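Visitor: For reference, the chains in residue letters:
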Amino acid sequence: MNLIGVFFSVLTFFFIAKLFGKAAAPHLQEYGGDYFPFVLIGIAFSTFLGVGLGTSAGALRQEQMIGTLEAMLITPTRATSIVIYLSLWNFIYSSFNILVYLLIGRFIFGIKFSLSHPLLIGAVFFLSILSFSSLGIISSCFVMVFKRGNPVNWIVSSSFDLLGGVYYPITILPGPLQVISHALPITYALQALRGILLAGYSFTQVRTEILALLGFALVLFPLSVLLFEFALKWAKKDGSLSQY
Amino acid sequence: MSETSIILTRDLTKYFTPSTNLIDFFPRMFAKKPVVKAVEGVTIDVQSGEIFAFLGPNGAGKTTLIKMLCTLIFPTRGEAIVDGHDITKDDEAVRRSIGLVTGEERSFYWRLTGKQNLKFFGALHGLKSDEIQRKIEALVDLLDMQEYVDTRFNEYSTGMKQHLAVARCLLSDAKILFMDEPTKSLDHSSAEKLRRFIKERIVGQEKKTVVFTTHVLREAADFADRVAFMDRGVVKALGTLSELKRKIKVPEATIEDIFKYFI
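Top line first, the protein sequences correspond to chains A and B.
In terms of my numbering, the first sequence opens at residue 15 and continues consecutively.
In terms of my numbering, the second sequence opens at residue 38 and continues consecutively.
It is worth saying that the hints were derived from the structure and are not from the lab.
Listed below are the simulated SDA-like cross-link pairs for lysine to any residue, each with C-alpha atoms no more than 20 Å apart in a straight line:
#1 A:LYS251 / B:ASP127
#2 B:LYS126 / A:GLU243
#3 B:LYS172 / B:ILE239
#4 B:LYS198 / A:GLY81
#5 A:LYS251 / A:ARG92
No experiment lies behind these values; they were computed from the predicted model shown.
Please model the complete structure; the sequences and the hints are all you need to start from.
Guide: Have a look at this one:
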């Protein structure tokens with residue numbers, strides 16, 4: 015069923031690309047001028063990053079609801095590690111999903127991806143996972159303290175869709191919004207990935223994006239762990255760890 | 038604190054405030070307004086290898102106290118040392134020494150079998166897969182779980198669930214086992230069987246320390262070495278039955294008489 019869903023999603027954007035493709039071409043010269051491959055990478059990767067954002071908080075909420083959270087937190091395993099482990103399956107599953115998007119693009123719609131720098135693709139993925147799962151851990155702090163779905167996830171994912179260059183290049187945004195775009199890790203992840211996969215960019219051509227992603231990961235990951243430890247302590251002081 | 042003390046608390050206190058929501062989150066960060074006094078000034082000293090009972094009616098603060106000792110709730114005031122480690126400053130080390138059995142059946146995954154649940158929690162205890170397998174086999178024999186360990190948890194009877202909870206608690210070689218109303222919902226004979234197993238096997242042979250809560254007077258009298266009578270968060274009396282009889286100066290007093298005297 016999921017495969018069919020992915021196919022329909024790709025098909026929808028294929029027709030949208032047919033409709034607006036030529037109008038979009040001047041903005042997409044950097045990536046070969048074709049809107050369909052551009053948006054395909056955008057939606058595939060944003061789905062993946064959406065998982066990174068939502069999976070920790072979702073998993074934590076689920077454990078709260080079914081009642082297993084306390085039993086886990088009484089083990090010597092650190093709470094942050096537990097939240098990360100709980101998210102792993104979703105990451106594996108969505109990695110498979112992204113592959114399906116790209117395979118459909120390649121074999122059904124004939125998009126030619128450049129796979130000459132697989133290590134570079136891996137590096138972008140790794141740094142993106144680190145940045146986005148950190149944001150996910152931060153959003154799970156909200157679940158830990160307030161015991162409900164959280165606005166952090168909603169705000170971040172909406173702003174990523176709007177300003178991260180998922181459906182259109184950020185160059186069409188007004189100046190002030192472009193400034194915000196450059197403060198989002200998804201912008202760099204998508205620029206790097208599109209550059210590598212569509213234009214065959216080498217490391218030197220995506221160095222800025224990779225360094226930016228590294229910077230996000232180095233700041234966000236320790237920050238998320240720190241905030242999560244604080245949220246856990248808050249819940250323990252509040253006595254609300256097992257509440258849901 | 039004696040040399041054999043394994044749990045020591047001093048003035049351990051927990052006040053609860055109403056549950057957190059967004060509107061009062063920030064004001065509460067700066068205002069301390071204790072609302073419910075769940076546990077108040079508890080000072081106890083549990084010896085290694087002892088069976089220690091917290092006895093009291095519902096709402097006496099027994100579960101909150103156990104949860105504090107298990108590092109699931111941090112105290113408002115006071116301190117507790119469990120196996121040499123402070124529950125707030127060194128909670129990870131405390132969790133290496135303890136196991137918890139609750140009457141809460143929601144603490145398992147209902148769609149997994151008993152064995153799969155044990156494997157999962159064994160991994161969280163940092164055990165390697167072959168070690169987990171070996172321990173599960175030993176525990177299944179020990180607790181007579183052969184017939185249902187491969188059955189999904191949602192098909193378990195209350196007794197089976199309680200056995201699985203004990204098995205999970207024993208997976209990690211914890212020195213101290215906390216049991217929150219371990220015989221809750223069990224019929225008389227299953228409860229008796231479980232108590233005998235804990236006394237003879239877990240404490241008698243394995244030399245573990247057991248701290249349990251109950252509101253059943255007879256259970257505390259027959260099963261525990263020492264009893265702490267709790268009411269409204271306060272330990273009203275503590276000692277062996279004979280010590281407590283001496284305290285109320287009625288040598289022939291039953292546990293019911295002692296309970297009536299203090300609570």
